[in-house]
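Chain by chain, the residues:
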Amino acid sequence: QKEVEQDPGPLSVPEGAIVSLNCTYSNSAFQYFMWYRQYSRKGPELLMYTYSSGNKEDGRFTAQVDKSSKYISLFIRDSQPSDSATYLCAMSPFSGGYNKLIFGAGTRLAVHP
Amino acid sequence: DSGVTQTPKHLITATGQRVTLRCSPRSGDLSVYWYQQSLDQGLQFLIQYYNGEERAKGNILERFSAQQFPDLHSELNLSSLELGDSALYFCASSVRGGGETQYFGPGTRLLVL
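The listed protein sequences correspond, in order, to chains A and B. Position one of the first sequence corresponds to residue 636 (my numbering), numbered consecutively onward. Position one of the second sequence corresponds to residue 47 (my numbering), numbered consecutively onward.
Incorrect hints may appear among the rest.
[Said to hold, decoys possible] Below 25 Å or equal to it, Euclidean Cα-Cα: the simulated DSS-like pairs (lysine-lysine) are:
(1) A:K637 with B:K103
(2) A:K691 with A:K705
(3) A:K637 with A:K705
(4) A:K702 with A:K735
(5) B:K55 with A:K705
(6) A:K637 with A:K702
(7) B:K103 with A:K735
(8) A:K705 with A:K735
(9) A:K677 with A:K735
[To be verified] Here are the computed distance ranges between Cβ atoms for each label pair:
(10) B:P54 with A:S704: 24 to 34 Å
(11) B:K103 with A:A652: 34 to 44 Å
(12) B:Q87 with A:K677: 31 to 41 Å
(13) A:S675 with B:Q113: 28 to 38 Å
(14) B:G74 with A:E638: 28 to 38 Å
(15) A:N657 with B:R64: 33 to 43 Å
(16) B:D117 with A:P649: 28 to 38 Å
(17) B:L159 with A:K702: 26 to 36 Å
(18) B:E100 with A:A652: 24 to 34 Å
(19) A:E680 with B:E99: 19 to 29 Å
(20) B:G62 with A:P643: 30 to 40 Å
(21) B:E100 with A:S661: 19 to 29 Å
(22) A:S704 with B:G98: 36 to 46 Å
Bear in mind the hints are in silico, worked out from the structure with no lab data behind them. For every residue, glycine included, the Cβ atom is placed at its ideal position computed from N, Cα and C.
Isolated chain A, as found in the complex (with noise of 0.2 Å):
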């Protein structure tokens, strides 16, 4: 089993729909939890960041940390066909010194006109 889980889809949806995009993880001691973006053949770019449990928003994006369930999600509202790209999920464990990120295997996106 894969420390972190996350559904490689597709997913397609239409212009202005809201997505919901998820991660499920086995490992307690992870602490940090990331969303990245990626367009095809380009590097991961960050778009969102916690630390431990609750919620961010910044513009259109917001995201969740669930600590008890082991589970986050990022929400996209009002999704633009320049949100197409593979969305990945990335965790790191409170280490002092030590980051190693585990990231999910990326959910790729398509939003259609």
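Starting from the known structure of chain A, fit chain B onto it as the hints suggest.
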């Protein structure tokens, strides 16, 4: 643009050969990370350096080695290359090396023939 640079962008080589990938971190970042992204394994952590010293190791093969130089740039050396080493190799950097954000470079696409 994340501020992390990687060279070369593309590399084509033959089995058994050795290559060197180069990474320059963002200005002020002391930690450098190397990741491998392949279709079947996803994005996997290889190794972390902090201010010239190795800090954490992931799934890095013995044929692979890395180092971080006094000017903080890093090199990943891949030797005795096999077909299965074909992948995207990303470098990321962060300020210190704890749980803070990692910024990714554009990657080097390696094709082993």
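Results for each hint:
| no. | hint | in the structure |
| --- | --- | --- |
| 1 | A:K637 with B:K103 | holds (18 Å) |
| 2 | A:K691 with A:K705 | holds (17 Å) |
| 3 | A:K637 with A:K705 | holds (13 Å) |
| 4 | A:K702 with A:K735 | holds (19 Å) |
| 5 | B:K55 with A:K705 | violated (37 Å) |
| 6 | A:K637 with A:K702 | holds (17 Å) |
| 7 | B:K103 with A:K735 | holds (8 Å) |
| 8 | A:K705 with A:K735 | holds (18 Å) |
| 9 | A:K677 with A:K735 | holds (21 Å) |
| 10 | B:P54 with A:S704: 24 to 34 Å | violated (44 Å) |
| 11 | B:K103 with A:A652: 34 to 44 Å | holds (42 Å) |
| 12 | B:Q87 with A:K677: 31 to 41 Å | violated (19 Å) |
| 13 | A:S675 with B:Q113: 28 to 38 Å | holds (31 Å) |
| 14 | B:G74 with A:E638: 28 to 38 Å | holds (31 Å) |
| 15 | A:N657 with B:R64: 33 to 43 Å | holds (41 Å) |
| 16 | B:D117 with A:P649: 28 to 38 Å | violated (49 Å) |
| 17 | B:L159 with A:K702: 26 to 36 Å | violated (46 Å) |
| 18 | B:E100 with A:A652: 24 to 34 Å | violated (45 Å) |
| 19 | A:E680 with B:E99: 19 to 29 Å | holds (28 Å) |
| 20 | B:G62 with A:P643: 30 to 40 Å | holds (33 Å) |
| 21 | B:E100 with A:S661: 19 to 29 Å | holds (27 Å) |
| 22 | A:S704 with B:G98: 36 to 46 Å | holds (40 Å) |
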